[in-house]
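Trainee: What follows is each chain in one-letter form.
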Amino acid sequence: MWRIVIIGIVLKLGVELAAESAACPICIGFPSRTDADVLLEGHCVMLGRPDPADPFKYAPGAVLKGAYDGSNIDLLVDSTTSRILQIHPQTHVLLVQSIPKGPWQSLGWLNGALEAVVQRVLAAGPSWNGPDAMKQRIEFFLTLVGHQDSRIRELAYLELGRAPYPMVRQLGRVVPREAIEPMLQERRYYEWRGLAILLLAQSDSEVDRQYIRESFQATERFAVVTHLAAWAAAAMEVNADSTLDQIEEKYFGQEDRTPEELNAIFSALSMHGSREDFVLRDRIVVCYERLLERLPELAPQVAADMHAWKRNELSDVLAQVLDQRQAAMDRAGIIQVQRYLRSVKLAVSTGRPHD
Amino acid sequence: MSKNFRLPQLLLSFLLISSAATAQDSVTTDAGTINAEKTKKYFRQHAYSPYAGRNFPDRPLWGEMHLHTSWSPDAVGGGTRLGPEAAYRFGRGEEVVSSSGQTVRLGRPLDWLAVADHSDVMGVMADVIAGNADLMQDPVLRRWNGMFNAGQDQAMAAVMEGIAAQSKGQVPKALTDPKLFKDIWQRYIAIADEFNDPGRFSTLIAYEWTSNYGGGNNLHRNVIYRDGADMAKQMLPLTTFQTENPEELWKWMERYEEKTGGNVLAIPHNGNLSNGTMFAVETFDGKPLTKEWAETRSKWERLYEVTQGKGTSEQHPALSPNDEFAKFEIWDKGNLNVVPKKPGMLDFEYAREALKHGLEIQRKLGANPFKFGLVGATDAHTGLSAAEENNFFGKFPSSEPSAERWEEDAFNFEGRVIKGWELGASGYTGVWASENSREAIWDALHRKETYATTGPRMTVRFFGGFDFTQEDAQSRQPAASGYTKGVPMGGDLYNAPSGKAPTFLVAALKDSLSGNLDRIQIIKGWLDKQGTAQERIYNVAWGDADQRKLDAKGNLPPVGNTVNVSKATWTNTIGDPELIAVWSDPDFDPKTSAFYYARVLEIPTPRWNVYDAVHYGITIGPEVPVSIQERAYTSPIWYTPEGN
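Protein chains in written order, with my numbering: chain A, 1 to 355; chain B, 1 to 644.
Among these hints, one or two may not hold up.
[Said to hold, decoys possible] The calculated DSSO-like cross-link candidates involving lysine-lysine, where the alpha carbons are at most 27 Å apart (straight line), are:
| hint | chain 1 | residue 1 | chain 2 | residue 2 |
| --- | --- | --- | --- | --- |
| 1 | A | K65 | B | K342 |
| 2 | A | K57 | B | K327 |
| 3 | B | K173 | B | K233 |
| 4 | A | K57 | B | K529 |
| 5 | B | K529 | B | K553 |
| 6 | A | K57 | B | K419 |
| 7 | B | K233 | B | K299 |
[Unchecked claim] Among the chain B residues that face chain A by a calculated CB cut under 7 Å, a handful are:
| hint | residue |
| --- | --- |
| 8 | G151 |
| 9 | R536 |
| 10 | S584 |
Think of the hints as simulated: they come from the structure by calculation, not from any bench. Using N, Cα and C, we set each Cβ at its ideal position, and we do this for glycine too.
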């Protein structure tokens, strides 16, 4: 359970702006799906080159996955791709059809390195199943995160962004600095920064740690929501005690904080609180209580964490929230809180741990 | 004499090209037709000076009408800090410091300029940054002010918040307050007035209406005013908060003219990013076109932006596979959000195809909605109208000169990428105006006496009539002949006299700072007997004529290429500095409608990325073109037979 929650939180760091990304002319939108998703979920994956009879249309080539159904590939061979394919006669475009007889999608032209990665993803992907699927997938892409080809590098980065936070902490020790530097420095990768901030937080460099402290303070001072969760989580990596002090003073102590800010702070607290080795969970539980005073809408998420952590302290508070706000809560949220309350009740009555 | 030393003499010759003769039977001018016989009584003898009494445009005035500054929200979000004042100063030839901190100056001043910032939240972010006292009452805007002024990460966060707020419809109310918009608009047009210096540097009031209907389909229009601030201030520009329907923009234009007595025209953005919607042959709501619709569109949209930094949209090679020069600075991946383009969309995006559709629609409805002249612009969002290959300052500050800009993503929407090198250093508009004034330039735009170039300032004349002879191309005064015996670019020919085909007088003189001329082509579109539009390209004049001959199909061998990539140089040892010809349509059918426009090609010269490579000492990928055949496109001349 905790893993699912954390994956959701980490994804949120990246995708919180994804809905707006299509309208952003000055940065690269954070995609909700990676090319690996498209390949692995696709019905047919095929190579293509311009049709000699009509150089602005694609002719089918080697099938890499599934079977070509003979449908029309209704894609224009754009001029840039056409030029690249002329310069590199052995190069192909990667075509994907998601469903039989469905429309085709181009994933762009393939250089040798990218074609090799595609082949490897298609070969290894089907085995990414079971409880270790995430670990296997992350390990696969970890080897590519410093790749010199920008498309491979970006793909690997997006895949690593799906790792649960404990794994991100481990990755921070092995991901090369040059792989995250552009994400932190370049304006066009602004939406991608969430993971880079978390990875940077594993740095031993005092310069990096000071940068994180200052960035969190600036984010707090200007009431910025974007990447607030990541900066808060990173600041807790640098110094959990003092960061929690700041959070309590600046976020819980100031009335004008927005629900979006408090949501982001909750994400950061939840990430650290869910770590098996985190020693300040008691403080986070206290923070949660203050959070519920400010933003009772967080009751289901708080209940989920408390349930996962097998902590009883907030049962009265959450029962009160449920009592007062049930009408405003959705069914899934009500069930989440009720489940926690039942679990606490059972644990108290039987003296056994939570279910 | 070596070709390299022919230029001074030819330049002198060209000055004569523009001169008038007074001994013609009549002269057609801006003011009408003057009959020589009738005017004789006023003069004892005609003047010795061939220029005395000249009353037609004698030189093209260079400028553009699609430049963004920090008053456009996407520009300021991209880091642009140059406002309209800096843009005008740069345009008139002053040195400025760009948003990336680089000094920059034009090789030659422009004659005129229209800053056309987006009307949606125009200027408000610049006001937020400046700390406008009224705006600072709003806590969100006060916060954004702090973030912008904190710089870097916080400024970017403010930009992203602004974008998110706009896309969610949650823009702080203060920013959409009509009072604020009115105040900003009045300041914006006052700046244009302040920099308007007739005779030297004219400024036209303009704004861009920015419809991205359907998720990034670019239906933008630049609205250009003939008027000064006194009239322009009487109505606020249209925004896409009000409507994304271009037909509503035409209504707005009509209301403006009725209310103020002023004049405006709209110029569609180049259509290559519209995914088949810019020249759709149905209304915005998907209904069949009507004669009234066609007349309304052609009334307000008299020009088309055929080339700019985001590609050139004269014609796509898929639509004209026999046009060896159609494959030029093509952007055909998708729309503004790079939503992939499908083959059928191309038919409704490119100038030539639209001109052809216009003939077909005219035949069916009796009116041609796509009867437009051609202009070029930069669409730069840097405040810098810099369309020179060796002085290209990109689209946004991120594409201002750097060693990396060629390979960085200019646009990237979820992996659908347009690379920096795909940006073009284009373009400008040559306007044949009778004087350098706001009104005269607008009048020339309105009568389509304009031509687009991809940056160089070659001089191009194009006249159509029925009586041009080879002597007109030898007289050294073709402009006088042109205005006397025919109509200039943008004009109309009707009802061919019996037995006569249209004749065209076309002349081009190289840009003194750019390459020689390869050739002049005349491109004809017409309706066949089934009412379907056809096209054909004729080579009518070319350089190195002693060495290059037309083959049986009218094709010409390539001019060659002298570009030295390692030095970013070329030599004018191929091509010619000037070309002139009189051409008669050999395939003319007097019963069918047609259009004709001239395309003037330079010899290959280095593309902007080659100058980057030399300046920064970098190697650029093999996929990037190293040379470019710059070109000019004149507005068409239409032929309409009797009964149409």
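Trainee: Each hint: holds or not?
Mentor: Hint by hint, here is what the structure shows:
{"no.": "1", "hint": "A:K65 to B:K342", "in the structure": "24 Å, holds"}
{"no.": "2", "hint": "A:K57 to B:K327", "in the structure": "16 Å, holds"}
{"no.": "3", "hint": "B:K173 to B:K233", "in the structure": "22 Å, holds"}
{"no.": "4", "hint": "A:K57 to B:K529", "in the structure": "30 Å, violated"}
{"no.": "5", "hint": "B:K529 to B:K553", "in the structure": "23 Å, holds"}
{"no.": "6", "hint": "A:K57 to B:K419", "in the structure": "22 Å, holds"}
{"no.": "7", "hint": "B:K233 to B:K299", "in the structure": "23 Å, holds"}
{"no.": "8", "hint": "G151", "in the structure": "10 Å, violated"}
{"no.": "9", "hint": "R536", "in the structure": "21 Å, violated"}
{"no.": "10", "hint": "S584", "in the structure": "35 Å, violated"}
Violated hints, listed in ascending order, are 4, 8, 9 and 10; each of the other numbered hints is respected by the structure.
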